[in-house]
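Going line by line, the protein sequences match chains A and B.
Here the first sequence stands for residues 1 to 157, numbered as in my numbering.
Here the second sequence stands for residues 1 to 656, numbered as in my numbering.
Because the hints were derived from the structure by calculation, they are not lab data.
For every residue, glycine included, the Cβ atom is placed at its ideal position computed from N, Cα and C.
Among the hints, erroneous ones may be present.
[Unchecked claim] With beta-carbon atoms standing in for the labels, derived distance ranges:
1) B/A330 - A/L107: 29 to 39 Å
2) B/Y59 - A/S105: 37 to 47 Å
3) B/V85 - A/S31: 43 to 53 Å
4) B/R559 - A/L107: 49 to 59 Å
5) A/G78 - B/V320: 55 to 65 Å
6) B/R520 - A/S80: 23 to 33 Å
7) A/S80 - B/I625: 42 to 52 Å
8) A/T76 - B/R520: 16 to 26 Å
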Amino acid sequence: MTRALILSLLLAVAAPLAAPVFAVQPGEMLSDPALEARARALSKGLRCPVCQNENIDDSDAPIARDLRVLLRERLTAGDSDAEAVAYIVDRYGEFVLLNPPAQGSTLLLWLAGPAMLLAGGGIAYASLRARSRAPEPGQPLTAAEQARLAELTKPDA
Amino acid sequence: MIVELGHFCLILSLAVALVQSTLPLYGAQTRNPGLMALAAPAAIAQLLLIGFAFAALTYAFVVSDFSLKLVVENSHTLKPMLYKVSGVWGNHEGSLLLWSLILAIFGASAALFGQNLPPQLKARVLAVQGMIGVAFLLFMLLTSNPFLRLEVPPLNGQDLNPLLQDPGLAFHPPFLYLGYVGLSMSFSFAIAALIEGRVDAAWGRWVRPWTLVSWVFLTIGIALGSWWAYYELGWGGFWFWDPVENASFMPWLIAAALLHSAIVVEKRESLKAWTILLAILAFGFSLVGTFIVRSGVITSVHAFANDPERGMFILLILGVFMGGALTLFAARASAMEAKGVFAMVSRESALVANNLLLAVAAFVIFVGTIWPLVAELLLDRKLSVGEPFFNAAFSPFMTALAILLPIGSILPWKRAQLGRTLRLVVPALLLSAALGALVFAMQTGRSALGPVGVALGVWVVIGALYDLAQRTGRGGLADRLGRLARLPRADWGKATAHTGLGITIFAVCAMLSWKVEDIRVLQVGESYALGPYEVALQAVDRVEGPNYLSTMATMRVTRDGAEVAMLYPEKRVYPVAQMPTTEAAIDYGLLRDIYLVIGDPQDNGGWAVRSYIEPFANWLWGGAIIMALGGLLSLTDRRYRVAAGARRVPQGVPAE
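Here chain B stands alone, though its shape is the one from the complex (with noise of 0.2 Å):
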């Protein structure tokens, strides 16, 4: 019954969909405050709508109703609860509904917290908003119904993919989706002002909290992702530049792009047409993204063949959107008149080399990712483009980037001395420069990455507490003090999250150059070296979970006799998904993860393990976080809090 009334909400919110898409935006054209009214009523009941079918269907998964063939694909009564519950996004229909749930999330929020902006952009917005909900629940019910009911209910499921039954990838797909569906609102805002014909700074302010919410969300989401895959896939790896894992990073990318043209919109009313472009693109990368990840075209054009359903209606959605869009962006991005002028060498100029290798980067992404395809399909060549290529081909735009960044963040608006402003960073690059240096000295016959990631990340951090330092002006001591505690949040964000990305960087290099690795046959009893530290094989036992078999090995880990850690990796088998995991043991530290993985067993008794030492790995997902961090507190800046609708920059704030 509860199942019943899911499914009939969603019948109902697609119904509210078509109105709040079309009425509005007619009640806009014509002036009729009567129809742009429906919009913001209509937003949330759709929010209400389908929130009740994904409880309904919540509610299916935790008590285990069979008759529900979702159900019976993808759960199984002996599961914990917690992957009950996200089993429900844990499959291609749970996922879409999880995925228009949030779009409605987005869409209701806007109509509740946009009351101070004008009522037809409101209606605008609210209602390319609404179509994207349309396009999603009937691409739902007509593919991908989750309500689907079986005719005879099985006794048991057939189990969540084990794999999925793991807390980091339990949240990993929400955060991940909305970052994605929070981009929606970047494209909405684009389209109504395309629409409207009309851009300014006004227009900025309201757009980049949502690029900044998006931004942040895709940021946790990427590095949940990542995290999961370095400590549950067995080898240490946190990143395989695979389409799926791309297909995530192209949005980031695009959207880190996009919150920094937005400021110049904000500050300069400048680089308009640019920074609506880049909102279309970055929803439209979004959408790529799901049409990788859903149709599996590029993974395999076998898999297309499975499914050309669903894979074909996304890429419907695909055109109709993207093309839609920017044919409207070719008849009116000439009506966005740029006031702000600069000159050649400026902080908006950085901004504009910042967008051009972020998009570049975004856009090497994508073309390795789609080259197997267009390989195949034009060329009749079957290829492959792996790690390598995106190695060899993304670095040097990032590494660019990087060099550029400190010096970009400190340029003054409109006009700027680059000699002046390049004296200011000297002692940082000579700091990062001796750092990369005695590094460099230090390691002997390893790759020269790792002192080059020192060196880089060293002068992003530095830049970034430069910056900081700089904006308190002349002066005491106290009185700078003084200034750096009232400084704009927006401050405080961009440093720390520039400061997180030179952390990654920095990471990311010393996991790639510094990683020791061993792999050999060992009896239980054994012992043997990894780098500095002695590994002890004691034991292997048989272990029973709640839903699998485990081998589990207890290894004593010791430096110099005393001991380190008592790590115990497993090797899982979940019988009723017939599938075999390994669950490595990792010694967290704060310079070093110790990282053990038992294989199997072997024909004279012993044990196959590798083992690890991941030099700095928590260092890639603390910049994560902190990058993450620097976004929410740009959120928070007064700005968007006080004067959110204001279309003149408050006199209170400076104008940086």
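One chain only, chain A, in its complex shape (with noise of 0.2 Å):
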């Protein structure tokens, strides 16, 4: 429901203005399979800059599909896949970017689950063993007990 809530306030922003379109169109599509899957994959991986959480391969938002059209002509221009998606980050910041590059301040949200993981690893290893240490109810038998257990266990000869 808020998902709803939310995507209605983008689209009764956008309703007034235009016929809607929705995400990518025929038309914007490359004739090159291979250079359009190429876009395509590139697409889900960049956020539309004024939608929710939304890559500009679903959106609808007209930015969505200027920005589409824009990484396909880079990609028909003969860029490779890192140089098309750099050249849009250079133009709209790094907020387009769906999945923040492991480096810089960044690299702690990437550290943080497998950081968690390993102190939380840790901190249940040490208490599991604390505990499994932890001396059994009841007292161990003697060493004399001990013979006499397995005296009276001894099968019969």
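Grab the two chains, each in its own frame, and use the hints to assemble them into the complex.
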């Protein structure tokens, strides 16, 4: 419901302007299937700058369309994937990257999960170890009792 | 008049909640039975009062009372009755009222069904529940009153957001709220136990049903939301790692961890402090979710400025409850002494691993969700964290969980031999690996995700079935079948829920890796090939609905000349709300859905058409339903029905 509320806010802004366009349009697509496949894959990692959390491939916003077209222009001009993305990031900021590169302060974001797993695992291991070494309820058998037990359980000759 | 009565009842319920949250607590401290006994009638009175307020608001929506601001903003006379009613909670104010109503329902059911609870524990639990009630009623009355009148009522309303006018979405919020708010019960029990300084097996047995109920509702709520996104948003996606989706997923993960660790408390009287902490965190994540959704602070920092009052209020509630609870926890947790001793390799340790993985997974989602905010406020970097990050950072933990699950779930309690247990699961391991390899060989040139999903899914499902089989012990088939039928329902619940998880994992991987997509311009009368199917666009018509205009395509799907389905995808415009929606047409199938969407008319007279084959889509929702069913089965276990209040484990129930 909440997602819809936010979507609706966005749509409510966009709706009076024009009839909506839905995501990738056939007219935008490149005739070279290999190039188009690259464009599709890249657009799924690029965020529409005015949208909530949508990539430009799914978004209905006009600017997402502009970005899709721009991305395809760059690819057609012979850019590599990295160059085409860098071209867009240069102009729209790292905000458009849905997958923040693991460098600088963003490294913290990427390492947060593994770090917590290690820390939590360490704490759990230490406390489990301490617990499993805790004395069992009841006294262990003495050496004499052990010997007697062995004698009792010895199969009859 | 009725509306004013509802408003009055809401204010009155705040007064009752204030009484409920203070006097019984004082009574429990001073061992005053009269004050303690006040809690139960207060909780029931609160339910009646809020129930009346909710009924009054519903009435206003049903009769379209346009003197009420909320009705004007969210309803319209032409709207179908179902959506007039669901419009009550399809907005901020009404959803808060629903939240408070559900809180009161849980409080009252604890008062009614908790007759076996020790009076002090019961008084404290209800008092904490009352405090949460006070917070949310104050929030509603001070910042988001649903009963505000308009001086000059308009002739008609502005209509409910058309995206919300959908059966899937009409029931999505109530289920989600039942889950969120249900976790408040686990929270109240945790706080009461901290105040008392005692946690024992009986406490574990009281907390688990509430956690199970919340988890079942959350599961259904999330699945409904995901299903809605799938058929309504028009490109067949089912999960977007959106902040508001994450807000519901984090409590689900923590609740799943909690209902596993509560088993350890119940059966082995260990992990007490950790279980208490999880109970606090589970409700904390519910509040965080509410904050994320209601303040808009994560999605856009500017939305926060639009409504700073509401966001600040929820932040205040979050701060008070989490700050208070964690302080109490820090002060009292050391009093929770573990009784049960267990070895490093044991069922207990396996459940610790389960808890660790679930908690870390929730933490990863939390960090990813708030990272853009942190980066902007502290580092002055505007960045996004989206689907690629979550897929990469979350999946490893779930994969590890799925690999460990079948082994952990058959490890003996207390002390186990890893080698012996591993030998037991070798056949399951070989079978799942072989199936994964087979699928990998069959699908050439695609990602490894599909085969991995097959292997993991089969592994988890076979593990769950094997767990059941192993519980029947040794002996002849007849003996074992007899024992299988007599197994406690908790065992059946466990196996069912784990099977559901396996199916869900498989379906997610299948949908992500084997989806077929086609986007093209089509003239009326033309057809094209979609996988093994042939799709023809036969006509495009203008159709008028009750409160919308529609462009409806007629499309025929055939396979080898035989008709598979006639599908009618639509594009609707709701004139009152000035909003367009897509209504995809879906032919649901056991192994695949055919998913058709009609787009815009093109300059050359054709239509943009998108079509998808979604493999195993129904398995995703099916898996979620089976998981929820497992929770329900476990909930009806004999020990909750018969011995809910007994201090000791009843003798007739096996130790498992």
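Against the structure, the hints come out as follows:
1. Hint check: B/A330 to A/L107, Cβ distance near 31 Å, so the stated range 29 to 39 Å holds.
2. B/Y59 and A/S105 have their C-beta atoms about 53 Å apart, which leaves the hinted 37 to 47 Å range violated.
3. One distance hint, 43 to 53 Å for the beta-carbon pair B/V85 and A/S31, holds here, with the actual separation near 51 Å.
4. Checked against the hint of 49 to 59 Å, the pair B/R559 and A/L107 passes, with Cβ atoms roughly 51 Å apart.
5. Checked against the hint of 55 to 65 Å, the pair A/G78 and B/V320 passes, with Cβ atoms roughly 59 Å apart.
6. The beta-carbon spacing between B/R520 and A/S80, approximately 28 Å, falls within the hinted interval of 23 to 33 Å.
7. Range check, A/S80 to B/I625: about 46 Å between beta-carbon atoms, so the 42 to 52 Å window is met.
8. In this structure, A/T76 and B/R520 meet the distance hint of 16 to 26 Å, their C-beta atoms being roughly 20 Å apart.
Consistency with the previously given hints fails for number 2 only.
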